[in-house]
Amino acid sequence: MALPHASMSAAKIPDMIEVSSAAAARPGQSIRSGGISDRGIAWLFITPTILLLLAINIFPLIWTVRMSLTNYKANMGWMKYRFVGIENYVDILTDPDIWDAMQTTARFVFWSISLEVLLGFGLALLINRKFRGHSFWTTVILLPMMLSPAVVGNFWTFLFQPQSGLFNYVVSFFTGIDPASFQMIGDVKLAPWSIVLVDVWMWTPYVMLICLAGLRSIPDYIYEAAEVDRASVWRRFWSVTLPMVMPFLMLAVLFRGIENFKMFDMVNLLTNGGPGSLTETVSITLKRAAFEKWQTGWSSALAIILFLTVFGAANIYIKVLNSVKRR
Amino acid sequence: MAHSVVAASPVARLLSGTVVVLYSLISIAPLVWIFLTGFKNSTDAVAYPPRILSPPSIEGYCDLFTIQTSQDADYIAHLPPSTGPCDSLAREHGRVIAGKSKTPGRFFNSILIGFGSTFLSVFLGTLAAYAFSRFKVPAKDDLLFFILSTRFMPPIAVAIPIYLMYRQLGLIDTAVGMILLYTAVNVSLAVWLLKGFIDEIPREYEEAALVDGYTRLQAFVKTVLPQAATGIAATAVFCLIFAWNEYAFAVLLTSGTAQTMPPFIPFIIGEGGQDWPAVAAATSLFVVPILCFTILLRKQLLRGITFGAVRK
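For the record, the sequence lines run as chains A and B.
Numbered per my numbering, the first sequence finishes at 328, counting up by one with no gaps.
Numbered per my numbering, the second sequence finishes at 301, counting up by one with no gaps.
Derived from the structure by calculation, the hints contain no laboratory data.
Don't take every hint at face value.
Unchecked claim - Listed below are several chain A residues computed to face chain B (Cβ distance under 8 angstroms; list not exhaustive):
| hint | residue |
| --- | --- |
| 1 | Gly36 |
| 2 | Ala43 |
| 3 | Pro49 |
| 4 | Thr71 |
| 5 | Lys74 |
| 6 | Met77 |
| 7 | Trp138 |
| 8 | Val172 |
| 9 | Phe265 |
| 10 | Asp266 |
| 11 | Glu293 |
This structure is a prediction, so every number in the text was calculated from the model and none was measured.
Virtual Cβ for every residue (Gly too), placed ideally from N, Cα, C.
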């Protein structure tokens, strides 16, 4: 396409809403030849999205806040409910079971993310050496993270079968332990690790991919300068590689942290919070209270607490996201 | 010095390659195992020690797509000749095929809800992304922040009021309800991703079109959309994968008519618990499209998982 006026119009086009006044000042040169004004189009294009989000996210959120102040039970809609003030919140924050669930969640988040960072960063460093076929193997490594967490949780219960499962067999093959002697999902000691293991299997690629982008963003000349200064390999890692990759790593850690904090699907199908309530993360507690015990008021309060925590973390995440974007 | 710092030595490269290939093989093994299990019969699937290669059987796929009932040997002996391999297989196990299973319907729901919500979120997302990319919008950063923050809402927390709202509106267990819900979740990703793609298209093309006498809308349709095609396609695939994989809303808000595959697969039951060959067959069929899309999309994956912030 020919651009006869490009240089002339480029200066005044960038913000179209301002253009209308600029164009009006020069009759005959108007570049708007009819149709809706740019301001009109901007609103026309943005409003549907905002309306949808208000209807499906914000309106329900406000409703949740309202319900959280009542003793409503959704399976007994005919009963009159009453407002109980902040009773539900006080109840939750003083409930030892909730703090147990919080601790379970925190331990799960801590261990899964630590292992994912170690493995993911390590793999990224290795892949960054650009051996033959590295892009093919990178794609292979990425596959697990695109799967459905629910389906993953489900088929890992098959791999974790005590007698016939592949996982138990492989462990017994390398260690000589009887494959029928341990249950990854049923055992009190092992069940929390079964969740961590599946999460690490699934999400290490995520951390790896983002770290790899961080490593590739480091310009060669910085390493060359370090070389001139005779910096050791360790020195180069600590003072060049790590600081340069840090914002990317933060991005991965924050996102995975938020996702794992509210983790529901994979855990629900792998252990369903069991044995007992040992692997019950906050989301599982919430599901049980809301959709099995039908304590709608109480679980709305828990939902708000969960939401506020996630929202706070998401706030930080989006700030880091924007700072990485500007680089 | 024999080698530069930037390029690794051949030995280092070989070692790194070996470790990475080893990790890839270990991480892909569970998936391969599921594919193999789909082609085992119910005895081989749970045999000890696990059998890597067993005579291939289509029992899992037959179980997945048919409903079978047990009959006594005498009844089976007097049936007309079997109509196909699944029929013969069922008879060998003392069963007859009583009809088609729910599986095709569940797959259809997944496809309908996946494509429906993808179309809507990409449509809305493209419009909003264009407006955010090109126009001065009041409180633009706040609006963009608001849009992305909705993505982080814990599904179970949102599900409580949505459940009550949908119950009032009669949208529980309907495809329309699920399409609207998934659109709302995906539109935030669509706006952020597409804004990144549209930001990269030089404004000069539209400006030239405007100078040539096009209206803003015509310029958008004729110059921006074609150039954003790759971005729109990539965004669509991300939305589709999310909707395809989603479980939390699906399990709480659908039970029959609108149920998708993820809440259905774990409840494929045989005699005495899960029918593992059938579950593995369902999982294989469910996962293969995602694997294909992932391979097609590999260059855009990084963008997709960081909401368009990291591009390379």
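Comparing the hints with the structure gives:
1. With a cut of 8 angstroms, the hint placing glycine 36 (chain A) at the interface with chain B holds, because the nearest CB-to-CB distance is about 3 angstroms.
2. Hint status for alanine 43 (chain A) relative to chain B: holds, with the closest Cβ pair at about 4 angstroms, below 8 angstroms.
3. At about 5 angstroms, the closest approach between the beta carbon of proline 49 (chain A) and any beta carbon in chain B falls short of 8 angstroms, and the interface hint on this residue holds.
4. Given hint, threonine 71 (chain A) at the interface with chain B, is violated; its Cβ is 12 angstroms from that chain's nearest Cβ, farther than 8 angstroms.
5. Proximity of lysine 74 (chain A) to chain B is violated relative to the hint, the smallest CB-CB distance being about 11 angstroms (cut-off 8 angstroms).
6. Hint status for methionine 77 (chain A): violated, given a least beta-carbon distance of 13 angstroms to chain B, over 8 angstroms.
7. Among the interface hints, the one on tryptophan 138 (chain A) holds; its C-beta lies about 5 angstroms from the nearest C-beta in chain B, closer than the 8 angstroms criterion.
8. A least Cβ separation of about 12 angstroms between valine 172 (chain A) and chain B goes past the 8 angstroms threshold, and the interface hint is therefore violated.
9. Taking 8 angstroms as the C-beta cut-off, the interface hint given for phenylalanine 265 (chain A) holds, the closest approach to chain B being about 5 angstroms.
10. Hint status for aspartate 266 (chain A) relative to chain B: holds, with the closest Cβ pair at about 4 angstroms, below 8 angstroms.
11. Nearest Cβ of chain B to the Cβ of glutamate 293 (chain A): about 11 angstroms, over the 8 angstroms cut. The hint is violated.
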